[in-house]
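With the sequences and hints as input, model every part of the structure.
Here the working numbering = 1-based position in the sequence shown + 16.
Treat the hints with care, since some could be wrong.
Claimed, not checked - List of simulated lysine to any residue pairs, SDA-like, C-alpha gap at most 20 Å:
1) Lys763 <-> Ser111
2) Lys763 <-> Leu382
3) Lys531 <-> Gln550
4) Lys609 <-> Pro113
5) Lys763 <-> Asn742
6) Lys763 <-> Glu72
Derived by calculation from the structure, the hints in this document are not laboratory data.
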Amino acid sequence: MTRLLLILLPILFSASAFSQQFTPYTPIVRVGSEELPFPWTGGLNKPQFSEADFNEDGQDDLFIFDREGGAILVFLRSSSGAETTYTYAPAYAASFPELRDWALLRDFNQDGLMDIFTNAWDEAPQGIAVYRGVGTAGNMAFERIQFPFDFNILYAQQANGSMLNLYCSYEDLPAIDDIDNDGDLDILAFEPNGIYTYWYRNRSVEEGYGTDTLLYSLEDNCWGGYIEDNFTSGITLSATPGECADGLAPPSVGSRHAGSTLLTLDLDGDLDRDLLLGDLSNKELILLTNGGSAGADWMNQEEQGFPAAGVPVSIPIFNAAFNPDVNGDGLFDVLVAPNAGGLAKDVENVWWYENAGTAEDPELTLVAKDFLVGDMIDLGTGAHPCIMDVNADGLLDLVVGNGVVYQEGGVVDPRLFLWLNTGTPEEPVFELADNDWLGMSQYGADNRYEFAPTFGDLDSDGDQDLLIGEFSGRFFYLENIASTGQPLAFTDPVFPFADLNILNAPVPQIIDLNKDGLPDIVAGSRFGFLNYFQNIGTPGNPAFGTDPSESPNILQLGGVDTRENSFTTRGYSAPAFYDLGDQWALFCGTYRKGLQRYTGIEDYLTDTFPITSDLTGLTPQGERLHPAVGDLNNDGTLEVIIGNRRGGLSLYTTNLNVDGSTPTITPISPHSIRISPNPADSWVQIEATTPFSAGAVFQLYDPTGILCLSLTLDPGQRSAVLSLPNLPPGVYFWVAGSDAGHQGFGKLVVL
17 MTRLLLILLP
27 ILFSASAFSQ
37 QFTPYTPIVR
47 VGSEELPFPW
57 TGGLNKPQFS
67 EADFNEDGQD
77 DLFIFDREGG
87 AILVFLRSSS
97 GAETTYTYAP
107 AYAASFPELR
117 DWALLRDFNQ
127 DGLMDIFTNA
137 WDEAPQGIAV
147 YRGVGTAGNM
157 AFERIQFPFD
167 FNILYAQQAN
177 GSMLNLYCSY
187 EDLPAIDDID
197 NDGDLDILAF
207 EPNGIYTYWY
217 RNRSVEEGYG
227 TDTLLYSLED
237 NCWGGYIEDN
247 FTSGITLSAT
257 PGECADGLAP
267 PSVGSRHAGS
277 TLLTLDLDGD
287 LDRDLLLGDL
297 SNKELILLTN
307 GGSAGADWMN
317 QEEQGFPAAG
327 VPVSIPIFNA
337 AFNPDVNGDG
347 LFDVLVAPNA
357 GGLAKDVENV
367 WWYENAGTAE
377 DPELTLVAKD
387 FLVGDMIDLG
397 TGAHPCIMDV
407 NADGLLDLVV
417 GNGVVYQEGG
427 VVDPRLFLWL
437 NTGTPEEPVF
447 ELADNDWLGM
457 SQYGADNRYE
467 FAPTFGDLDS
477 DGDQDLLIGE
487 FSGRFFYLEN
497 IASTGQPLAF
507 TDPVFPFADL
517 NILNAPVPQI
527 IDLNKDGLPD
537 IVAGSRFGFL
547 NYFQNIGTPG
557 NPAFGTDPSE
567 SPNILQLGGV
577 DTRENSFTTR
587 GYSAPAFYDL
597 GDQWALFCGT
607 YRKGLQRYTG
617 IEDYLTDTFP
627 ITSDLTGLTP
637 QGERLHPAVG
647 DLNNDGTLEV
657 IIGNRRGGLS
667 LYTTNLNVDG
677 STPTITPISP
687 HSIRISPNPA
697 DSWVQIEATT
707 PFSAGAVFQL
717 YDPTGILCLS
727 LTLDPGQRSA
737 VLSLPNLPPG
747 VYFWVAGSDA
757 GHQGFGKLVV
767 L
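This is how it looks when you write it as structure tokens:
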């Protein structure tokens, strides 16, 4: 069996030095005696897998799109003999446009650059958008193809000559493959009723355009002759090649059986496409074997519970299959993961079937049920972190609430997870100490879930109490009864606390925002506002008005609104205030607008908070972000932990000092430094439009983060020549900077 070594690759550079900079931070995380290789990559819920050679080393790497929030993860693959190494490379994610629902990489024009086929979420009819790959394989960029139709999506010519949108439901996953072996990419997708599979044939080659054109016609409205039942995963096969199983009779019901996934691959080496079919009502996969030929396809054998010769897929619910070469042996493997739009299996949810046979006679063997996801912090669905020294050892620990861990039958299983810091003040190490801290899972039976914890001295007795938001909009309160300086110890939860209710998924923080000596409560919610509840009690006897809109409460503190637009009720605001002494720092999580940063808010408590957009170095995190802020490594600057809907965490260090200051630096625009030639062979010349500052250094890193070269730049000069030793060909990252901060960055291709 191939052994997978999983290594984390940090982003090696950040953008302009005058902005709020985020740099990935990767302290060790352990579960039991095992060290997680990818703790801070954010988890996986509904991943989709494609391949592309991101670093131009001749080996395909792994592109993962998670439909749970549209997150993108790239893992570089390196294979040598029987050993395959995966390296997390978050820097590449920034090259991609915003994607939703589904995304598959395919090189449709065969120019060596991967293109993107994806759901056209920004258009009215359901259909497919296409992005053409531009740039180089090692420096990917994408531009959306503009189609000359009413909507900017793929269209297909119908039998009567009319042009209609090439239909593909946002819930489904089409097959994008060369079905007829003519050299261009065709598309298979279910029609709106979910009964027949349509074959949209690409006629580009036949009409003399080569492979660089997408010219589709509806070739077959019952591809393979099979039909799928409207409400179940039942399949009816055609008894005769070239005929549809029901003679294309109109569907007996008008309601669509929504949800099917398609993967075409040649499982028997006969050069036509067999089919792996996933279905909304099925926790298995169905194999349909092609008894026809390429372009004259006829599905004449059905295998429920694929693979029957081995361990069949069993993942609730609505699965999708993908066929990357996971172990780098030149043979396709099969990965299976959930594709559901709602709740689905969210742990042990990526099954890897290794091909232990040949290309012509594959033998699929289950190797793992948690490929990659088992090497991450992944708490199911939803992650709500907070930072606190729980055991009073002087080190900051992590308490993380989740939404749920999926259980069949609709059972609600929410948790608090305790990660104790067993490292040092300068080098934290987090170990999972309790996966059901304080026994909070017991409240799942009462339909309490989506736990969002926060600590603060709510009763003004000098210690840290615990307040937990839950889905219905109310709060658990646990009073800390430990002595000062002792590990936290709590009374039984009080629920609901103070009759507060903000109706749906509150994310609270205990904070004396008006600095009157009484701790207040600020809470985000599904609706995207920050609800401010001013403490109107006395020290030791907190009291709050229950109407969020009645003064002194504020229904929309600071005018914060994290919704995408005013027509939706989904904003999922999640505040993280940090006291900088004479000012507040505020980071705020959102539904789909990324992480927000507000400054100078102490002067605007009854007005609109000033928002800043200069957050650089952050890769897209997906949906429903929840930040927590603290100085985890005692270096005087703040770290930000970000939870997300996928149930995972990301961790960044920033250039924001705990006293509120930021480094004063004189940046050089990345475009003001030129590296040539690029690609390079034995040397490069570094040229700048402004003189190098004192202490400026040019550094070259390989994709794993190892420093390969370093050259001190002469202050006052504007150019320098750097000799390149015998570096392996590939993509490298360069950084030019000084102690004052980053001054330039980029990629260098070495031939």
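Evaluated hints:
1. Simply put, Lys763 and Ser111 have alpha-carbon atoms about 13 Å apart, close enough for the 20 Å limit, and the pair holds.
2. For the hint linking Lys763 to Leu382, the alpha-carbon distance of about 38 Å lies beyond 20 Å, and the restraint is violated.
3. Using a Cα cut-off of 20 Å, the hinted pair Lys531 and Gln550 holds, with the two alpha carbons roughly 11 Å apart.
4. A C-alpha spacing of about 14 Å is found between Lys609 and Pro113, which places the hinted pair at or below 20 Å, so the restraint holds.
5. Proximity of Lys763 to Asn742 is assessed by CA-CA distance (about 18 Å); at most 20 Å being required, the pair is judged to hold.
6. Of the supplied pair hints, the one linking Lys763 and Glu72 holds, its CA atoms being roughly 12 Å apart against a limit of 20 Å.
Checked against the numbered hints listed earlier, the structure breaks hint 2 alone; every other hint is satisfied.
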